[in-house]
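Protein chains in written order, with the working numbering: chain A, 1 to 174; chain B, 1 to 513; chain C, 1 to 536; chain D, 1 to 102; chain E, 1 to 628.
Be aware that a few hints might be false.
Stated by the list, open to error - Computed footprint of chain B on chain A, listed as stretches where at least three residues anywhere in the stretch have a Cβ under 8 Å from a Cβ of chain B:
id, region
1, 105-119
2, 137-151
3, 154-166
What the hints assert, rightly or not - Simulated pairs of lysine-lysine, DSSO-like, Cα-Cα distance not exceeding 30 Å:
id, chain 1, residue 1, chain 2, residue 2
4, E, K306, C, K341
5, A, K168, B, K432
6, C, K27, C, K126
7, B, K382, B, K121
8, A, K85, D, K25
9, B, K382, C, K126
10, E, K163, E, K306
11, C, K341, C, K179
12, B, K121, A, K85
13, E, K525, C, K341
14, E, K455, E, K306
15, A, K34, A, K85
16, C, K179, C, K27
17, E, K163, E, K455
18, B, K432, C, K252
19, C, K126, C, K341
20, E, K306, E, K378
21, A, K168, B, K115
22, C, K488, E, K163
23, E, K378, E, K525
24, C, K488, B, K382
25, A, K168, A, K34
26, E, K562, E, K306
27, C, K488, C, K126
28, A, K168, D, K25
29, B, K382, A, K168
30, C, K27, B, K382
31, A, K34, D, K25
32, E, K163, E, K562
Calculated from the structure, these hints are not laboratory results.
For every residue, glycine included, the Cβ atom is placed at its ideal position computed from N, Cα and C.
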Amino acid sequence: MFPFNLNPTGEFFAFFALAVCAITGAVMALSLAKVVHTALSLAFTFVSLAGLFILLGAEFVAFVQVLIYVGAVTILMIFGIMMTKHRDEERERGRPLLETLAAVFCLCLFGILFFAIRSAGFPVPETALPADNTTEIGTLLFTKYAVPFELVSVLLTAAFIGAVALAKREEEPA
Amino acid sequence: MIVFHTLTWSDAWYLAPELALVGFALALAVLDLMLPDRVNRDWIGWGTLLGLAVAALFVSWHICDLRRSELAGEPAVRDLLYGSYLIDDFGNLLKLAFLGATALIVLASLGTIRKDEIPIKGEFYYLVLPAVTGAMMMASSGDLITLFVGLELLGVSSYALVGARKRSGLAGEAAFKYVVTGGTASAFILYGMSFLYGVTGSTGLAGISRGLEQAVADYRALVYVAFFLMIVGFALKLALAPFHAWAPDVYEGAPTPVTSFLAVVAKGAAFAMLYRIFVRTVFLADAEAAALREDVSLALAALAAAAIAVGTAGALRQRNAKRLLALSGVANAGILLVPLALDTTILHASFFPEFLYYLLAYAFMNVGAFAVLTVVSRASGKEELSAFAGLYHRAPWTAGAMTVLLCSLAGLPVTGGFFGKLFILFGTVQTKAYWLGAFMLAATAVSYYVYFKIIRQMYMRAGAEEPAVRVPVPAGIVIWLCAAATLALGVLPRPVLDWIDGLFSIGADMLTG
Amino acid sequence: MPDNVPILSFIVLIPLAGALMLLLLPKDRGRLARISAIVFTGLSLLFAVWLYADYQPAFGGAKYEERAAWLSIPLNLEAGLRDQGVVSYRLAFDYHLGVDGISLPLVLLTGAVSLMAALGSVHIRKRRKAYYALLLLLQTGMYGVFLARDAGLFFIFFELTLIPMFFLIGIWGDYGREKAANRFLVYNGLGSAVMLLAFLLLVATLGFRADETADGTILTYSGNYDVMLANLSDPNAAANAGGALSFTGGLKWSVFVLLLVAFGIKVPIFPLHAWMLRVHAEAPPPVVMIHAGVLLKMGVYGLIRFAGFLLPAQLEAAAPAIAALGVINVLYGAILACVQKEFKLVLAYSSISHMGIVLLGLASLSEIGFAGALFQSVSHGLISALLFLVVGSLQERTGTTRLTELGGLARSLPFTSGILLTAGLAALGLPGLSGFVGELLAFLGLFATMRWPTVLGVLGVLLAAVYVLRSVLAIAYGPLPARFAGLKEARFTEALPMVALTGLIVLLGVYPSLLTDLMEHGFAGLLRELQTRAGG
Amino acid sequence: MSMLASYLTLAAVLFCIGLYGVLTKRNAVVVLLCIELMLGAVNLNLIAFAKYGVVPSLAGQIFSLFAITVAAAEAAVGIAVLIVLYRSRATVNVDEYDRLGR
Amino acid sequence: MRTVFSQYAWLAPLFPLAAFVVLTELNRSLKRTGAFIAIVASLASLALSLLIAFERIGTGAEDYSGGFAWLTIGSVTLSAGFEVTNLTALMLVIVSLVAFLVNLYSLGYMRDDERKSVFYAYLSLFACSMLGLVLADNLLLLYIGWELVGVCSFLLIGFWFHKPEARAAAKKAFIVTRVGDLGLLIAILLLFRYMPGHALDFVSLHNVFDSQAGVISTSITTAIALLLFLGAVGKSGQFPLHVWLPDAMEGPTPVSALIHAATMVAAGVFLVARTYDIFEASAVALDTVAYIGAFTALLAATAALKQNDIKRVLAYSTVSQLGYMMLALGSGSWTAAVFHLFTHAFFKALLFLGAGNVIHALHTQDLRQMGGLGRRMKTTAWTFGAGVLALSGVPPLAGFWSKDAVLAAAFERHPLLFAAGIVTACFTALYMARLFILAFWGRPRGDAALAARAKEAPAVMTAPLLVLAALSVAAGFVQTPFGSWLGAWLSGEAIPEQAESVPVMAASAAAGLLGLYLGWLLYGKGAPKGGGAGQTRPWPWLVRLIEREYYLNEAYGYLFVKPLQGLGRALRLFDGAVVGGAGRLAAGAVQALGRLNSRLLSGQLQTYGLAAVIAAVVLMLAIAGRRF
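I would like the entire structure built from these sequences, with the hints used as guidance.
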């Protein structure tokens, strides 16, 4: 069974290309030996996702995605990689049982999800999103979602304080 | 164009407890930066306590306020910004519980945590405040987004708290495990939420509830997937077996007050969120969604049973007191889950009082037990069960209090633990979930063995010529407060339950907004 | 007696007050602790005796009943009940004490054995304050069990005996004390758990009551025993219960079996006896006095009180099975008692055997059999208490209770040996001593309905002679090992409880009406139920 | 016929790959990254539902914004924790983090 | 006629009871006077018994009974009371008389024993229980007395508790008789079940079984009778439960005289006589009684032939004579049985007390160590001789008349029974002759020095002998075939003269005399000098069989003791492995779950994750999957 409905529109081709990119990035990330390569490969996936977001009419989210994921998270990770030493991957011995079981059950999980997605016949929605959704998002964030928005600021502060408190070096007591 | 309301100053009043906590957190953070190093950071701790007290005051005020409205015949619920924040008795009661438990934990840690162990003592204290804020959000929101952000606020703050013993490699390991597990759990919960949003088109619980009937009809599999992904996520967060494996490691590595916080407040908050989502969406559903409700109940019941069994059996083999209490927490999480897994019928609708009462009892006995553990492990430098050896000789009053707490954990009368279990058990009997009741009871019998292992250490082993255990005054107060409260909850449960019953009503507090 | 004296509460709470008072004593005042414990125990016993003197079987115990609302937990009304005019919906457990012809003998037994155990604790020297405090706490639990008239209260008192026993075994026991304490705890904990489930089922069914008042309907789930009894005999109770669980046959059977298991662990009924062997062997003798003397009887009492009175139909139908279990208990215990090398284990198995006779009495479903079961309970309580008093005395002097190492003690300890012999004779059912009466009544009762089980039970009496004589004679008779030549005879404080218990055993053996008259109307309710069933 | 199923399937694929990575990758940084991948997959889900869902709304996009922010915060704390851990353990191999429970 | 003393019959057991209580309570302070208290008490009982008996003789006095409700439960009342009939009056006299004499005798026999007061306490308790048993008006009370005498017997057999043999004998006596007691108990249960109004008193039993045939079915009646008889078998040492009685000789000799010869062992006979109506209602039961009695008589008489312990010979003789009584009962003549009981009580007590004198003098019970005592202990020898003759059934001594009554009854019943009786009579005379000759004739064979110092016992020990000897000689005349006064008095019916039984009398006398003659031939005249008799014994296996008492003890060992021990051991294994094992298994299951949990908690984060994912998939498939 071929999972995709072949409906050769522009969106479809764009989707297909981006999906291939995203999956490739993800798979590469898992199979590459060097950690830096993994991080970069995942950044590639995140960029592809941003592309998909644009395809889905979420330009602002795509922008944020690139900004935060590619810009912040991946850089953070690379900092992390640089601050810690990484042994060469080839010295690692495999854990076949863990890997096999993980693969099998992740596939199972995917199977369940896939079944559920396929079994749902989604109608084409009658209403469409507003074209200028960035403004709309801004409005919503400050009105309907003001509470979580304020909360996220607290969260970021807490995360910031926590991260700094943890990561800063303490002078060893005598 | 729909006109949206935004926050007003009057809304700020409703957010007063949370704002107070955040305000205190920021103020203390600034204070911590400005104070010179030589100043004892216990002051920050007292500040934290003050913040908690102020927040509790506001919550109490809200409770009175709601009560007044109720008596006046007005709706006893305040709905902020389309359900993204709810002031109702469900939330208020839980908030009080979280604040109280946190205050006890902070109080107990004053004088017991040491700078050489936790270098970031200041942060350690005031990071508790955003964590509690997160927990309160989880108890008090009718919107998936707010709930999720609350969950993450609690999570992110506690990741840092777990790692506070920076020099110990164990703390780092625990924190890392907690980050990975917490992150994965969040991903699962969020994934489930995304499907729920997708099939109902709303992130508000009220909207989801309205749309669920249709969604079940149209996309049954997706609705199932949504709920089960969330169940898996919550099972991870709540450490229900077999999703619990991280809990003993994290509890062991974390500083004991944080362990206590994770076991009580973090767990309670996750339960609050579970209640918010599940009760509002599926639990009172019927017709098309009835089968869904049954299945979700069954899944929760199965998880509860597994948690009770595995937690109890696992605790049998533990020699480390903290890991033992962690596994006991797994079992207790199972018990706390039971009321939610029971049918709601005309004669049985008391799931929330059942849950809340046991949560209160659990909070007291756990906070107390962890406080004793802190004191004891400080004196003997280890967290093994043998740290308790001869405690009866070394600190008789503490041993006495610990005995009360352990009896309560084991569910012996007349303690809060006993009564809470009895109440939940009666629910299982009323709804004919006999197997679940039997499971609880069998596990209770086994748990006698578990908890009496510590009692045996305290009374039947020689003190190894160790000196008397010095109990810091705040910790002593907490220990005795917890023991006394545990006894009081067992002997006179009525005032508390009458109070809860007087305030709480399913219709107003769980189904509006 | 003035009518307003809450005598039952006094009986139950005096030991508790004593325990609390002991906690306030300084640690090193062991002697004072002992004396005050004896005083408090005696005081409780005094009230029990007063109750006995005042109690008139014809009027029952209504006069002494004490009832106070205790737990009254609101249940959520919202799921539609309010619309049906319900104004109050609660789960209620009362502080409700009462006495009748079934509990009074056991209360007296508790008082007597407790006092003797307290007196007999002379050999306890370690941590005396704690010891006596726990002993007093244990008494509160035991009295409470026998006097409670509310399932919840009963359960709480039942559990209350668990904790002190755990400590008493685990701290003051022999070498394997901790293991014994653990096993005691786990088995009894399991029993309690099963009992709790059964009780909750009873509360949810028999305990449900709908009272119409001017304001509206009041729905109550009650643990109150009287409510349950009233509902049981009220044919409309099921209809009144509305949406509550109906007490169907299957549910009744489940409750019955659960109760049988729960109390069967305590009694103990084969094959649930494994725990009590170690307790007998490892616990300090005065504690075993209470354990074998009173705690096992809580199981019997529970069986009668709940499985019997509340489920007469099931009791009737299960009578053959109970008789079979009784026979197994009698023979199994007796045969195993014949091959034990440790005297305490002989006594442990002998307890199993004797409790089998209690089961036989219960299985008879007749008044005489019930009276026999109860009498046998009391009698076995006194006899095993006496035996363990002697065991304690012997153990203190010889350092062993192994049959192969003892012998000829009648020469160096003539008094103690004489008491041992008397107790042994009482245990093997010698007429003139109390053991005989219980056995006789149980057999007389059972024989009317079940002939062969009775005969097999009687065979157990023969085996009792074998194991009692085998062990008692091995201790008291024969040549005296040289190392036991200089033993000192029991002191007055030790001899006093021995003589007192022997006196009670003889008194009950010679004039059993002292107890049986009390029971006169005790079983009336159950018998009426059984008869109406037989009639209809 | 909408593209929704395709987007959802892609999200599921990415989610499962991320999960697989969390379960099997030795390097702690990669594990953290894989969690981010899982969250990213969820974002795709949310945004796809925002456009093609039963009731298209911006709530999905806003939800994903929050999710992205939260994920970033989590990543920051995660890396901080990792650094603390690395200081005392000198390894980033997840399977060597097994001193607890010993 | 109004009976005066009968009303106070209940006092008879109370005198010794009072003595018992006083002696037990004041054990230490009453070293010397204790004995006198007991003797006075027994004398008081004796006096009262005699008054009661004399009051009843000849007047045809009505039976007197009185009592009270002992235990009332619901509609059932168990009463306790006493009943004085002629039979009980006779028994009262026998018991209190022998008890008094033995009490007196013990004054000398137990003089040097430090636990003398304990001994007297036990004796008093026994007297109380035995008198209670006799006076009991119902079976339950009789059972109580029955058990109590058993206990006293046990206590007195084990009086010298430090001897392992005494310990073993006491235990054996108690347990073996208890087997019989169970029969009695079950019989009581049956009667309680089937008697109208749950009555257990003898009057009701008489009414039910004597007249109203059919109230209780025959099979039940037979069962009751056989079970009652089982009780009697145990107490009266009938085959196959007689094995305890020879061993019981480990007790002090006065005890053997009182308990194991004259009174307690006769309780079985008394029981059957008291409940004779039940036996008469069942032919099977009567036959069983007769044949068991006859067999026991023969078996024990043969066993007595080869015993070397003087008391064991007498013990087997007692068993044999009790068998006679049973034979009489089974043959339908309970009066003959009671008559034999009456005479036997005197001469057997006499013989035991005589043997006691011998033992007292020589400090041995072994016949092979005796000899020639006749010259040194004249009173003992003469009185003992009278006892021997009486037991051997030499006319006109008491034993002859009673034995003749028994044989006459047996003759009427069945020739086989009669033959057994005659042979037994012959053997009886034979072993008594052997005993007497070995003990009193010839010259000392044992420790010469001891034999030289042997002298006659003090007067307090010989006086009872004289009284008993006189009774042994004369007591038989109360009932002869020419005037059966006793039988008439006991049964309340006139018994015709039985002149036709002269051949029986002749056969009986001849058998006795033949036995005596054989005895003289074998042990007196023809006794091999130097003790080398062993080589010429015919049928060595038979002799060994008799010497070893038919291997019954061994047989019981293999039949009951060993299997019980084996069963016990097997059950001990079962208890440990299965019952304990089930608990361990349950605990093990929980532990296994705990172990599984520990395996999971390896510290490996990704294992945790994997477990969670597996669980998630399983949960979804198992619970949600059902719906699809």
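Taking the hints in turn, this is what the structure says about them:
Given as covered by chain B, the region 105-119 of chain A passes the check, having 6 residues with a CB less than 8 Å from a CB of that chain where 3 are the minimum. For the region 137-151 of chain A, the stated coverage by chain B holds: 11 residues have a C-beta nearer than 8 Å to a C-beta of that chain, and at least 3 were required. Residues of the region 154-166 of chain A with a Cβ under 8 Å from some Cβ of chain B number 10, which satisfies the need for three, so the listed coverage holds. The suggested pairing of K306 (chain E) with K341 (chain C) is violated, with an alpha-carbon distance near 38 Å, which exceeds 30 Å.
Only pairs whose Cα atoms come within 30 Å are accepted, and K168 (chain A) paired with K432 (chain B) is rejected, the gap being roughly 56 Å. A threshold of 30 Å between alpha carbons decides the hint, and for K27 (chain C) with K126 (chain C) the separation of about 11 Å falls inside it, so the pair holds. Between the alpha carbons of K382 (chain B) and K121 (chain B) the distance comes to roughly 21 Å, so the proposed pair stays at or under 30 Å and holds. At most 30 Å may separate the alpha-carbon atoms for a hinted pair to count; K85 (chain A) and K25 (chain D) meet this at roughly 16 Å.
Of the supplied pair hints, the one linking K382 (chain B) and K126 (chain C) holds, its CA atoms being roughly 29 Å apart against a limit of 30 Å. With a CA separation close to 25 Å, the supplied pair K163 (chain E) and K306 (chain E) stays within the 30 Å bound. This hinted pair checks out: K341 (chain C) and K179 (chain C) have alpha carbons roughly 20 Å apart, not beyond 30 Å. A hinted pair counts as satisfied when its Cα atoms are at most 30 Å apart, and K121 (chain B) with K85 (chain A) qualifies at roughly 29 Å.
The straight-line distance between the Cα atoms of K525 (chain E) and K341 (chain C) is roughly 55 Å, outside the 30 Å bound, and the hint therefore fails. Between K455 (chain E) and K306 (chain E), the direct Cα distance comes to roughly 27 Å. Compliance with the 30 Å bound is thereby established for this hinted pair. Our distance criterion of 30 Å between C-alpha atoms is met by K34 (chain A) and K85 (chain A), whose separation comes to about 12 Å. Between K179 (chain C) and K27 (chain C) the CA atoms are separated by roughly 27 Å; this keeps the pair inside 30 Å, and the hint holds.
A C-alpha spacing of about 27 Å is found between K163 (chain E) and K455 (chain E), which places the hinted pair at or below 30 Å, so the restraint holds. At roughly 14 Å between alpha-carbon atoms, K432 (chain B) and K252 (chain C) fall within 30 Å of each other, so this suggested pair holds. Of the supplied pair hints, the one linking K126 (chain C) and K341 (chain C) holds, its CA atoms being roughly 28 Å apart against a limit of 30 Å. Of the supplied pair hints, the one linking K306 (chain E) and K378 (chain E) holds, its CA atoms being roughly 26 Å apart against a limit of 30 Å.
Proximity of K168 (chain A) to K115 (chain B) is assessed by CA-CA distance (about 15 Å); at most 30 Å being required, the pair is judged to hold. Simply put, K488 (chain C) and K163 (chain E) have alpha-carbon atoms about 22 Å apart, close enough for the 30 Å limit, and the pair holds. With a C-alpha separation of about 21 Å, the suggested pair K378 (chain E) and K525 (chain E) falls inside the 30 Å cut-off, and the hint holds. For the suggested pair K488 (chain C) and K382 (chain B), the alpha carbons sit about 49 Å apart, so the restraint of at most 30 Å is broken.
Note on K168 (chain A) and K34 (chain A): the hinted pairing holds, with a Cα-Cα distance of about 27 Å set against a maximum of 30 Å. Under the criterion of a C-alpha separation no larger than 30 Å, the hint pairing K562 (chain E) with K306 (chain E) is consistent with the structure, at around 28 Å. The suggested pairing of K488 (chain C) with K126 (chain C) holds, with an alpha-carbon distance near 22 Å, which does not exceed 30 Å. For the hint linking K168 (chain A) to K25 (chain D), the alpha-carbon distance of about 27 Å falls within 30 Å, and the restraint holds.
Of the supplied pair hints, the one linking K382 (chain B) and K168 (chain A) holds, its CA atoms being roughly 28 Å apart against a limit of 30 Å. A distance of roughly 29 Å separates the Cα atoms of K27 (chain C) and K382 (chain B); the hinted pair therefore holds under the 30 Å criterion. For the given pair, K34 (chain A) sits about 12 Å from K25 (chain D) by alpha-carbon distance, which is consistent with the 30 Å threshold. Under the criterion of a C-alpha separation no larger than 30 Å, the hint pairing K163 (chain E) with K562 (chain E) is consistent with the structure, at around 24 Å.
Hint check: violations occur at hints 4, 5, 13, 24; the rest are consistent with the structure.
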